[in-house]
Structures are given as structure tokens and as C-alpha cells.
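Novice: Each chain, letter by letter, is given below.
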Amino acid sequence: NAGVTQTPKFQVLKTGQSMTLQCAQDMNHNSMYWYRQDPGMGLRLIYYSASEGTTDKGEVPNGYNVSRLNKREFSLRLESAAPSQTSVYFCASSEAAGAPNTDTQYFGPGTRLTVL
Amino acid sequence: QKEVEQNSGPLSVPEGAIASLNCTYSDRVSQSFFWYRQYSGKSPELIMSIYSNGDKEDGRFTAQLNKASQYVSLLIRDSQPSDSATYLCAVKNAGNMLTFGGGTRLMVKP
Chain A
1 NAGVTQTPKF
11 QVLKTGQSMT
21 LQCAQDMNHN
31 SMYWYRQDPG
41 MGLRLIYYSA
51 SEGTTDKGEV
61 PNGYNVSRLN
71 KREFSLRLES
81 AAPSQTSVYF
91 CASSEAAGAP
101 NTDTQYFGPG
111 TRLTVL
Chain B
1001 QKEVEQNSGP
1011 LSVPEGAIAS
1021 LNCTYSDRVS
1031 QSFFWYRQYS
1041 GKSPELIMSI
1051 YSNGDKEDGR
1061 FTAQLNKASQ
1071 YVSLLIRDSQ
1081 PSDSATYLCA
1091 VKNAGNMLTF
1101 GGGTRLMVKP
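Residue numbers (the numbering used here), protein chains in the order written: chain A, 1 to 116; chain B, 1001 to 1110.
Fair warning: there could be bad hints in the mix.
Derived DEER-like restraints, expressed as beta-carbon distance ranges [what the hints assert, rightly or not]:
#1 B/Lys1067 to A/Gly98: 30 to 36 Å
#2 A/Thr114 to B/Glu1003: 26 to 32 Å
#3 A/Pro8 to B/Glu1003: 27 to 33 Å
Interface residues of chain A toward chain B, partial, derived using beta-carbon atoms under 7 Å [unchecked claim]:
#4 Phe10
#5 Leu13
#6 Gly42
#7 Ala97
Keep in mind the hints are simulated off the structure, nothing from the lab. The beta carbon of each residue, even a glycine, is placed where N, CA and C say it ideally should be.
The shape of chain A in the complex, shown without the other chains (with noise of 0.2 Å):
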């Protein structure tokens, strides 16, 4: 059971290409996240699925667009890399997202992503 797992673990863009972060989990939750950390911010959410076949839109979602792909997969897209995103982005999975007890966010290892 690898719990949620995130590719790839470091990346080097230059401004303006494009990249996919890849992240599957395994643990038959329902709802998968999308987050950027970054010194002195916090944690903040970019894209969210709350189940199969649905996304929405964080507090920061510009730049970035998101594929449900299927239950256990949740990819991250950035289609014009820019030196402000720049930063660590982790993915996450809770069983659901609305109730109690079952909404516990699970987070992968994280993407260390630098843009030139």
C-alpha cells in the first residue's frame, strides 16, 4: 500500500514550457487535491476533485489546469511554466470531502519544481 505517490519527485523548467506532475493513489479515496507551498504562505490549494468526473477551482488556480483521469489519478498541468510558480507542490487524497471523519487529506512526497 503506497498511499499516494507523486511524479516526478524534482523538475527544472525554463519559462514558458510546459509540464504535466503526475499523482496516483491507492487508497480508494474519492476526492484528490492539488497543492503549492511556498516559504511563508502555507499550504494553498490550487485545483480539487471532490469524486470521478469533477473538478473545481481552488484559491490559487491560474496557470494551471487539472485532469481527473480516473479514481486513483489526479494530474496537474502547467501549459506556460513562470518563474512565480516556482515552488513545492504536493498532492493529496481524503476518502471523501464533505463529512466528518472521512475527510482526512492524505499528502504524497511532493514535486520540488524551480522555473527559470
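Once you've looked at the hints, dock chain B against the given chain A.
Specialist: Just chain B now, kept in the frame of chain A:
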């Protein structure tokens, strides 16, 4: 004003002491509250969740929730150097999204 506020620290306590970490939040309808521990360069790891007013204990950790005062805290008894980390408070809002505080850095000195 941030929705979830934490003192950034560092909070320094001697080994064996009680560490007290505090968090205030602004959304009165919040129902779910979480404490995560994050070691440097690692991902957040859940320590406790709490949903009802009062105390919830798990080993050396006690979470305390006071919804009237919009205050949630985490006590760590018998603090160990391995407890040195950043502790993140997270609150679920009415839209079912978690809002995180900026974290409190805890240093436990041997």
C-alpha cells in the same frame, strides 16, 4: 486577516517539557480541524483530527477545540528532539476546502 493564524515561531522547549501550539480561525461554520507535522523537506503528516469541542488525546498529543472562541491547540507532552518540526493547523471551510495556517516551527532542545 488570514483565515487561519499561527505564530510562526520558532517555539523552543527543553526535552521532556510540554509544547503548546496554538491556532485561531475566522470561519465560524468550520466543522473539521486538523494538525499536521512537517519535517524539513518532507510532506505534511497527519497527527490529529478533531471535530467536537473539548479535548482529544492520542498518546503524547492532545488536541483542544473551542469553537466559541474559534481556537484550536495542540499539546505535546514529554517533548522529544524528534518532535522538532513545523506544525500546521488546517481548518475545513464551508466549501469543504482545507485552509492551512502558515505553521509553527517547534524546536525541542536536548
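Novice: May I ask you to test the hint 30 to 36 Å on the CB atoms belonging to B/Lys1067 and A/Gly98?
Specialist: About 18 Å separates the Cβ atoms of B/Lys1067 and A/Gly98, which means 30 to 36 Å is violated.
Novice: Between the beta carbons of A/Pro8 and B/Glu1003, is the distance compatible with 27 to 33 Å?
Specialist: Taking Cβ atoms as reference, A/Pro8 and B/Glu1003 lie about 32 Å apart, which means the hint holds.
Novice: Taking the least C-beta to C-beta distance, is A/Gly42 closer than 7 Å to chain B?
Specialist: Holds, because the Cβ-Cβ distance from A/Gly42 to chain B comes to roughly 4 Å (cut-off 7 Å).
Novice: Against chain B, with CB atoms and a cut of 7 Å, does the hint on A/Leu13 hold up?
Specialist: 20 Å, violated
Novice: Holds or violated: A/Phe10 as interface residue toward chain B, Cβ cutoff 7 Å?
Specialist: 11 Å, violated
Novice: Please check whether A/Ala97 passes as an interface residue: C-beta within 7 Å of a C-beta belonging to chain B.
Specialist: 4 Å, holds
Novice: Are A/Thr114 and B/Glu1003 spaced within 26 to 32 Å by their CB atoms?
Specialist: 29 Å, holds
Of the numbered hints stated above, those contradicted by the structure are hints 1, 4, 5, listed in ascending order.
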